[in-house]
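Asker: Put together the whole structure using the sequences plus the hints.
Residue numbers (our numbering), protein chains in the order written: chain A, 1 to 335; chain B, 1 to 248; chain C, 1 to 273.
Careful, some of the hints might be misleading.
Derived contacts from chain B toward chain A, CB cut-off under 10 Å, selection only [stated by the list, open to error]:
#1 F60
#2 Q62
#3 D91
#4 F95
#5 C96
Calculated lysine to any residue pairs in the SDA-like style (CA-CA distance at most 20 Å, straight line) [to be verified]:
#6 K30(A) to F170(C)
#7 K99(C) to I312(A)
#8 K33(A) to F170(C)
#9 K16(C) to M1(B)
#10 K103(C) to K30(A)
#11 K103(C) to E12(B)
#12 K71(B) to D54(B)
#13 K71(B) to K26(C)
#14 K69(B) to L35(C)
#15 K103(C) to R153(C)
Calculated directly from the structure, the hints in this document are not laboratory data.
From the three backbone atoms N, C-alpha and C, an ideal C-beta is built for every residue, glycine too.
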Amino acid sequence: MHIPDNYLSPSTCIVMGAAMVPVWAIAVHKVKKEVTRSKIPMIGIGAAFSFLMMMFNVPLPGGTTGHAVGGTLLAILLGPYAACIAITVALLIQALLFGDGGILSFGANCFNMAFIIPFLGYFIYKFIKDRTKSEKGEYVGIIVGSYVGINMAALVAAIEFGVQPLLFTNSQGQPLYSPYPLSISIPAMMIPHLLVAGVVEVLFTTAIYTFIKKVSPGTIFEGAKQKIHTIYGLIVALICLTPLGLLATGTAWGEWGADEIKDVVHGGKQLGYTPAGMKNGFSFNAIMPDYSVKGLPEIAGYILSAIAGVAIMVIIFKIISSFSKTKPKDISNES
Amino acid sequence: MIDLKDVSYSYEGINALNNINLHIEKGEAVALMGANGTGKSTLLKLMNGLLSPDQGVYRFDQEEITPKKLKNTKFSKAFHQKIGFVFQNSDTQLFCADVYDEIAFGPRQMGMNEDDVEKRVNDCLDLLGIQNFKHRQPYHLSGGEKRKVAIACVLALNPEVLVLDEPMNGLDPRTQRWLVNFLNTLNRSGKTLIISTHNLDLVQELSKRAILFDENHSIAADLPSENLFQEIDLLKKINLVDENYQHY
Amino acid sequence: MNHKENQRNLPDWLLKDENYIPQSDKDQFIGKSILSILRILSKIKSQSEYKTDKFHVNAALKVAFTFLLVILLSLSTSYTFIFVVDVYLLVVLSFMDGKEIIKILSVSLAMAFFTFIILFPYILLGNTYTSMIITLKVLSTLIAVNILSHSTRWNTITGALRRFYVPNIFILVLDITIKYISMLGDFSLNMLYSLKLRSVGKNNSKYGSIAGIAGTMFMKSKEMAEEMYAAMECRGFTGEYTVRSKWKLTIADFIYMLLTIGMIAAFILWGRI
Ligand SMILES: Nc1ncnc2c1ncn2[C@@H]1O[C@H](COP(=O)(O)OP(=O)(O)OP(=O)(O)O)[C@@H](O)[C@H]1O
Ligand SMILES: [Mg+2]
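Answerer: Here is the structure:
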């Protein structure tokens, strides 16, 4: 579910990031108030836990494996606010230091995975648990909460993808970011999540919760009961507002883009529907047909191509020589 | 039983084992000794197939152990049943919700029926004298108690070779002595033992053979453990003891 | 405890050889989890070695420039600009170590390929432009970010965030997180190893095992958090955390800034044609 950069337009990313700001602010405030002891280390170590949990491969029927996000689980264990911060930090480290998941799309990823999953999952869990008051109710809460949590996040991600072609196209009307409309992005995201990822999440969450409850029930977060209304309000408001915000900024941005492009086209240069080399396939040649690159003076294009050529030669040479240095070392993990 | 030829290993450029040649017969008890970071744990992991050598050959029961073979599930499972490993840190070895399940984990996997499993678990609990925390959670046990549970888990698989990484660490003196006796009993009953230890006082009782590692991550000496204290200079040279060490 | 008696009479089963023939079981999840954690750990460990940053460029500048590059790439609509950026990235790559080049390229190419596959149906619909430009942008962005993370020590990256007015406390949390990812990672790696060694047959509760490992890791992390807080208090921690960093600009930094200006110029010239 980690959205890389360039799938979403920068303005979408800004909107999603902006939507996270109040969430983060409230979460930091709440965590400061709720967790009296060991605040800072707990968040850091919670983030480390969250990060590692995403590394676990979970068995799927048929012998294959999948990943769980564990957002609802973390919310049940640490409370939704601490979970929100922990997942945020984990996502930041993934994006910044492991180059995994985008930097611009960080806000969107946080919205989906650090906001929707823990808050929605937790409050469904809490809602059911508080109203049934039996162990069964608790487990029903966990199952429904983790299932709905991850699927809602997938749905929001699908909407983020799906609005891109509506909003962001170049002057020829070609999409610049994720090109599939809602009618494709929603089923493409939802079918695997409803059928597989959601089930994995449920199994993973219940199994770990059961284990911890058996071994160390004292470590599980005890949330107060009445706070539900305010947070529901916040969730509903944000969910409603986000698409509106997207639409609003989207059109503004789109117009700005179109104007500027018109200027550029007026300036005498123009871009064909497809650059000449493109139809022949997608070899490197396609990008710089005959060593001349559109918009660049021929000589500059030639020099750049030459630099690229030299750099590529050096890279290939280094890769080959480092292969011959590395010994065949294989750790026997694939069992 | 175990045969290493010119084995070397390094972790991403950090050398940990250098040209190791070692042969261990079935039924032997061998102690590995060496200063911190000389590669004892690495060698034990390698023997258990968790790491594979960068160079050289590792044979178990005449069969070469390679990553490729270990990828074969059946081969790897059969191999892991024959050689049991008690980790240096028992904390990381226990992951079940109670001690009973922890010990039953292996036998259940081997497809025994639940009556046989119960007998085996109870035997193990008795052997290690831990019947009284059968239903405790491993996570909350003390360090020494965890060690005993970890040994019981490995024993329950009835391996032919038992590999223990610093099993005496963190045990009280009486329990240390008890463990030495227990391991001796296992050895006499035919189990091959490979034990890494820093305990100079108990090593002679633990095994007849001592392998000393030097700080170049290779084997400095392979000698009968009763001769260990005639070689104080050697012990000093490999930095296992300090300049002023004296043995009484 | 009656240690003495127990030793004399070992149970029969322990005296016999096992003659056990394993059933096969589909438990790749253990191996795969081990691999993904090993990958993380080796990346963190390689960070603790001395980084040969050949250009000696200030980390804050590098972070800022990488962000800028990512933004410009994302805004750009032209192959020309992406091409200019790619030439720059290739040149930087060619100065790096062979092994690191492999790591950076393999991660980036894999993700770009994935993107290409996703967008392939769109190519079949006749729109090569969108699919190609997104794939190229994904590739370039990933290479840029991975160059940053491979060529700069992480503590200087987190330290650099302070230049952008990220609160110190947040940087402390990041530093703690990285440290504990490696500690808890080591811990869970050993648990996975142990699970692997003891998985000698058919595991009928795979979720139970994975839950045991993740659950133990959770309890361990709680315990560590409490210990760490106690230790921090003992050492007089009051919530203030100072990040030390030198801020001296060298010639390399100025060249780097010129590059930045050059990229912006390139974007203005060709970025949105
Ligand atoms: N996972 C790892 N990554 C990198 N280096 C490692 C790793 N594990 C061990 N090392 C290094 O390999 C060398 C050998 O380590 P090993 O754990 O085998 O030593 P040891 O003899 O068991 O020490 P001790 O007596 O302290 O347990 C050491 O220099 C250590 O720093
Ligand atoms: Mg060791």
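Asker: Broken hints, numbered, in rising order?
Answerer: 1, 2, 3, 10
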